[in-house]
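Protein chains in written order, with my numbering: chain Y, 5 to 323; chain X, 1216 to 1277.
Everything labelled a hint here was simulated from the structure, so no lab data went into it. There could be a bad hint or two in this list.
From chain Y, some residues computed to sit far from chain X (all C-beta separations above 10 Å) [claimed, not checked]:
1) Glu18
2) Val55
3) Leu57
4) Leu177
For each label pair, taking beta carbons as the anchor points, the in silico distance ranges come out as [claimed, not checked]:
5) X/Val1251 x Y/Arg31: 47 to 57 Å
6) Y/Asp279 x X/Val1250: 50 to 60 Å
7) Y/His280 x X/Arg1228: 42 to 52 Å
8) X/Gly1256 x Y/Gly289: 33 to 43 Å
9) X/Leu1236 x Y/Ile292: 27 to 37 Å
10) Y/Phe242 x X/Val1245: 36 to 46 Å
11) X/Ala1239 x Y/Gly209: 15 to 25 Å
12) Y/Phe242 x X/Arg1228: 49 to 59 Å
13) X/Ala1239 x Y/Phe242: 41 to 51 Å
14) X/Leu1253 x Y/Phe323: 30 to 40 Å
15) X/Tyr1224 x Y/Ile228: 56 to 66 Å
16) Y/Asp224 x X/Ser1229: 28 to 38 Å
17) X/Arg1228 x Y/Asp279: 45 to 55 Å
18) Y/Ala259 x X/Gly1256: 26 to 36 Å
For glycine and all other residues, C-beta sits at the position ideal for the given N, C-alpha and C.
Each chain, written out:
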Amino acid sequence: MSETGWIENAPPREAQFGDYVELLKPRVMRLVIFTAAVGLICAPVPVHPVVALAAIICVAVGAGASGALNMWWDWDIDAVMRRTKGRPIPSGRVGRDEALAIGLTLSVFSVVMLDLFANHFAAGLLAFTIFFYVVVYSMWLKRWTPQNIVIGGAAGAFPPMIGWAVATGGASLESALMFLLIFLWTPPHFWALALFRNDDYAKAGVPMLPVTAGPRATRDQILIYSLILAVVAILPAFTAIGGPVYLAGSAVLNALLLRGAWRIWRREEAAAEADHHIVEKRFFGLSIVYLFLHFCLFLAEAGLRAGGVLAHLGWPVLF
Amino acid sequence: MRPDSHEIYGRRRSRNLGVGLVLAAFVALVFAVTVVKLSEGAAIGHPEAGPPRSQLLPEGGN
């Protein structure tokens, strides 16, 4: 080949830096960064801000790496679905091999660096999270069972536990409740999405609940999971990371969640199609705000504790 | 035409710049964490660390 031969052979559209960033699912990374940071801040052991920043970056990179590996594995599904066909691999901007290499490299890199920056437990938890999302959820559950989102939701629920582990070197009831909050939130959140994107999932052959069991069963499950979620979401109020502010905020948010779930449950499919699933779309939007504000409430309680505010109340810590 | 004037170099500039900045940020981060850990006395207060060296040495040891 001549000195410039490679230029003629170069692909017409090469990946730009932004394409690699997109491969790491930056929107998911934002949620991971936020929840991991809250877990770290609420923990009873202080962490130096520089070490905390480094650890959160590791968790974010680990989440991004698992996102890249998910895109590598699910490229055929992504190419069919409206929501995902513009992603870097199906749109031809990044090659599959490249995505695999980036995903594997960043996975190992993030775990090793978290081990050096923080501790073995936090690094092990991050490694397990990546494994769970890529192997258990993407490779195994997603194409096999309508319970994919129920079990797979654990992968998205680990970041606050990792943040807590960075500070304390272990797990506790408080971090487990943060995990449960996200874990139980995931099914109603994604089933609401699946109700108004049913055709997309059906076309891609993904056995989401509305595809396999129908919209009626999905509406039942959204209500059941919302009821369980509402109970579990209140519990942290009576632990060391909760308090009256969390209890009041969570009570309002759960009332709104249950009202939304009730509205979804009592609707017939014909009515939903007639108004283009307006109730389901509202519930989906509300569920995002619901989770975000719950973690804001954890932060608020941590701030109040640090400032010594409300200490005189003698708030009951039952668990 | 000079090989390095081909438009492919322009296309790759942003990618190279992005990777360069990420690597520089990573080096800065490792440096900052190292400084913090050394100034805190890495062994003290670390959840997985053992007792300080002074406690491991016998009386009068160095």
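Hints and how they fare:
{"no.": "1", "hint": "Glu18", "verdict": "violated (6 Å)"}
{"no.": "2", "hint": "Val55", "verdict": "violated (6 Å)"}
{"no.": "3", "hint": "Leu57", "verdict": "violated (8 Å)"}
{"no.": "4", "hint": "Leu177", "verdict": "holds (18 Å)"}
{"no.": "5", "hint": "X/Val1251 x Y/Arg31: 47 to 57 Å", "verdict": "violated (31 Å)"}
{"no.": "6", "hint": "Y/Asp279 x X/Val1250: 50 to 60 Å", "verdict": "holds (59 Å)"}
{"no.": "7", "hint": "Y/His280 x X/Arg1228: 42 to 52 Å", "verdict": "holds (45 Å)"}
{"no.": "8", "hint": "X/Gly1256 x Y/Gly289: 33 to 43 Å", "verdict": "violated (49 Å)"}
{"no.": "9", "hint": "X/Leu1236 x Y/Ile292: 27 to 37 Å", "verdict": "holds (31 Å)"}
{"no.": "10", "hint": "Y/Phe242 x X/Val1245: 36 to 46 Å", "verdict": "holds (41 Å)"}
{"no.": "11", "hint": "X/Ala1239 x Y/Gly209: 15 to 25 Å", "verdict": "violated (44 Å)"}
{"no.": "12", "hint": "Y/Phe242 x X/Arg1228: 49 to 59 Å", "verdict": "holds (56 Å)"}
{"no.": "13", "hint": "X/Ala1239 x Y/Phe242: 41 to 51 Å", "verdict": "holds (47 Å)"}
{"no.": "14", "hint": "X/Leu1253 x Y/Phe323: 30 to 40 Å", "verdict": "holds (39 Å)"}
{"no.": "15", "hint": "X/Tyr1224 x Y/Ile228: 56 to 66 Å", "verdict": "holds (58 Å)"}
{"no.": "16", "hint": "Y/Asp224 x X/Ser1229: 28 to 38 Å", "verdict": "violated (50 Å)"}
{"no.": "17", "hint": "X/Arg1228 x Y/Asp279: 45 to 55 Å", "verdict": "holds (49 Å)"}
{"no.": "18", "hint": "Y/Ala259 x X/Gly1256: 26 to 36 Å", "verdict": "violated (50 Å)"}
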